[in-house]
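Q: Take the sequences, apply the hints, and build the full model.
What follows is the residue order along each chain.
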Amino acid sequence: MANRIVVDNVEAGYGTVQVLHGVSVTVEAGETVVLLGSNGNGKSTLINCIMGIVRPKAGAIYLEADGERFDLVGRTPAQIVDLGITLVPEGRRLFPALTVEENLMLGAFRKEARARIEQNLETCFEAFPPLRERKTQQAGSMSGGEQQMLAIGRALMSEPKVLLIDEPSVGLAPILVSRVIAKIRELKERRDLTVLMAEQNFNQAIKIADRGYIIVHGEIAFEGKSAADLQDNDMVKQYYLGV
Amino acid sequence: MRIAPFWPLAAATFVIGVAATFYFNEYYFVAGYLVLQGLIMATAWNILGGFTGYVNFGSAGFFAMGAYTSVVLYTAINPPLFVVIPAAAVVCGLLGLGAGYLTLRLRGVYFAIATLAMAIVLETLMVNWEYVGGAIGAFIITEDVPFFASYNAYLFVLMLALAIGSVALARYLNFSRIGRGLAAIRDDEVAAECAGVPTLRLKLISTTVMGAMMGVAGALYPYFVTFVEPVSAFSLIVAVNAIAMPMIGGTSTWVGPVIGALLLGSVQEWTKVNISSELNLLIVGVLLVGFVALAPQGIVGLAQKFAAWTREQREKRRGDDSATA
Chain A
1 MANRIVVDNV EAGYGTVQVL HGVSVTVEAG ETVVLLGSNG NGKSTLINCI
51 MGIVRPKAGA IYLEADGERF DLVGRTPAQI VDLGITLVPE GRRLFPALTV
101 EENLMLGAFR KEARARIEQN LETCFEAFPP LRERKTQQAG SMSGGEQQML
151 AIGRALMSEP KVLLIDEPSV GLAPILVSRV IAKIRELKER RDLTVLMAEQ
201 NFNQAIKIAD RGYIIVHGEI AFEGKSAADL QDNDMVKQYY LGV
Chain B
1 MRIAPFWPLA AATFVIGVAA TFYFNEYYFV AGYLVLQGLI MATAWNILGG
51 FTGYVNFGSA GFFAMGAYTS VVLYTAINPP LFVVIPAAAV VCGLLGLGAG
101 YLTLRLRGVY FAIATLAMAI VLETLMVNWE YVGGAIGAFI ITEDVPFFAS
151 YNAYLFVLML ALAIGSVALA RYLNFSRIGR GLAAIRDDEV AAECAGVPTL
201 RLKLISTTVM GAMMGVAGAL YPYFVTFVEP VSAFSLIVAV NAIAMPMIGG
251 TSTWVGPVIG ALLLGSVQEW TKVNISSELN LLIVGVLLVG FVALAPQGIV
301 GLAQKFAAWT REQREKRRGD DSATA
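Sequences listed follow chains A and B, in order. 1 is the number of the first residue of the first sequence in the working numbering; add one for each residue after it. 1 is the number of the first residue of the second sequence in the working numbering; add one for each residue after it.
Be careful, since some hints might not be right.
[Stated by the list, open to error] Cut-off 27 Å, straight-line C-alpha distance, at most; resulting in silico cross-link-like pairs (BS3-like, lysine-lysine):
hint	chain 1	residue 1	chain 2	residue 2
1	B	LYS305	A	LYS135
2	B	LYS316	A	LYS135
3	A	LYS161	A	LYS183
4	A	LYS207	A	LYS135
5	A	LYS237	A	LYS207
It should be emphasised that the hints constitute simulated quantities derived from the structure, not laboratory data.
A: Here is the structure:
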């Protein structure tokens with residue numbers, strides 16, 4: 001199954017502030033692509049454009065799945081989830097007053113995933129055993145790491161083909177960050193996902209990246225064809241390693 | 001909160017209600033009718049206000065449009081009530097759908113203002129519509145019905161059936177996939193969208209159901225008072241009660257508005273007779289202030305807190321026992 005995401009020359013912003021200036025990114029089927037950049041450079045805006053939360057002013061975004069091409073601009077987030085793209089939003093955005101199980105069930109609104117809710121719940125609990133123990137607990141009462149697991153679990157309930165992850169490391173202790181990153185790799189391999197991850201934490205992100213882009217002031221400043229490519233680059237050093 | 005034997009309880013309530021019409025005097029059915037009317041309004045309001053988190057101040061508009069649907073039908077062809085009630089549901093359901101389309105882009109206080117304005121616009125339309133009596137109002141003449149002790153007893157039984165139906169529908173929505181989606185919208189609308197919840201569709205379902213239910217509550221009103229004019233049909237007390245009852249009972253479940261309506265409705269009917277009918281709004285106001293300040297989650301919230309507290313005490317006691325042993 002080929003699921004490819006193409007972002008072509010997208011311009012977007014909020015009101016009169018333009019954030020993205022002609023950004024082009026592609027994510028090939030089965031790849032893990034990271035979007036690197038510090039705060040305020042447009043990572044989240046780009047992810048939100050793909051998800052239909054922010055509407056681009058110009059440019060095209062499409063999904064190529066099984067030889068068909070779906071234009072994503074102009075679709076609602078719910079319709080985009082129906083196409084098999086799901087977002088793990090920045091800051092997790094759980095439903096704090098609802099239970100862990102209810103949060104997971106809310107990920108299963110997608111029609112194609114409804115029939116297999118029980119199986120998918122089981123898969124989520126297998127991947128994240130603490131969630132099973134806390135099934136009836138309010139989501140807001142869990143620790144940050146558990147909440148991030150729940151956010152990923154909720155996204156998996158829709159059986160996505162493409163997983164967008166926005167800053168999974170936000171607000172987590174360093175040891176939890178590497179655990180979450182390792183989990184993402186494991187799930188990606190087990191469930192044949194295509195992953196686009198926005199992240200500030202270069203050293204962690206690079207561990208699972210096949211490729212990556214560095215985004216600076218709303219433009220793609222550098223495209224790394226491989227993880228090694230990113231690691232050896234002077235610009236990366238300048239921006240991230242401070243040498 | 002799941003109350004296990006819902007249907008047996010509902011059936012028993014209905015049978016007792018019907019039987020009671022033959023034993024008690026008429027006053028109780030007039031009072032009971034008004035309590036049930038409040039119950040349906042509160043249950044309807046709670047679907048949008050409690051489950052979904054959108055505060056509607058225009059309840060009186062939907063209620064009155066239900067009443068005016070009856071007036072129009074009565075004036076035109078005087079059909080039986082089992083035609084009038086679904087007709088009011090359809091008219092007000094469509095009104096709810098339309099209002100939803102126009103106003104659901106607004107959030108928080110702006111949504112509340114828009115719904116309040118809608119009710120005022122509708123009232124102005126009715127005042128200026130000759131066919132339904134305009135500002136003067138319209139009379140409805142009722143005929144006696146067989147089997148029942150009186151027409152009011154008949155209306156009471158109808159209202160009881162409608163109230164049970166409304167509560168059953170709200171209960172179904174509460175526990176279904178739709179209810180879960182509505183709760184997600186209330187908690188965090190953007191997150192709900194990201195998770196793939198079709199937020200617009202669910203919000204429209206909830207405004208439509210709310211409108212239809214309020215229309216049903218208003219449909220029998222003209223037959224009950226036999227005279228309808230805009231000021232009393234669009235009365236503030238209808239809108240305030242629809243908000244106050246769920247707030248007092250607790251908004252997060254279907255049980256809250258039922259408890260709130262039975263409590264507040266009965267208190268109001270009691271004061272009407274024993275103290276003063278003018279003091280009604282004051283009582284609602286004082287109760288509402290009291291609950292918002294002391295029990296913001298309503299009676300249901302208090303009960304849940306109490307249950308959690310007793311559970312904690314029990315566990316603590318068990319812990320002490322094992323420590324001493």
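Q: Take the hints in turn and mark each one as holding or not.
A: Status of each hint after checking the structure:
Among the hinted pairs, LYS305 of chain B with LYS135 of chain A is consistent with the structure: their alpha-carbon atoms are about 20 Å apart, no more than 27 Å. A threshold of 27 Å between alpha carbons decides the hint, and for LYS316 of chain B with LYS135 of chain A the separation of about 23 Å falls inside it, so the pair holds. Between LYS161 of chain A and LYS183 of chain A the CA atoms are separated by roughly 17 Å; this keeps the pair inside 27 Å, and the hint holds. The suggested pairing of LYS207 of chain A with LYS135 of chain A is violated, with an alpha-carbon distance near 31 Å, which exceeds 27 Å.
Distance hint between LYS237 of chain A and LYS207 of chain A is fulfilled; the C-alpha atoms sit about 16 Å from each other, no more than 27 Å.
In this structure, only the earlier hint numbered 4 is contradicted, and the remaining ones agree with it.
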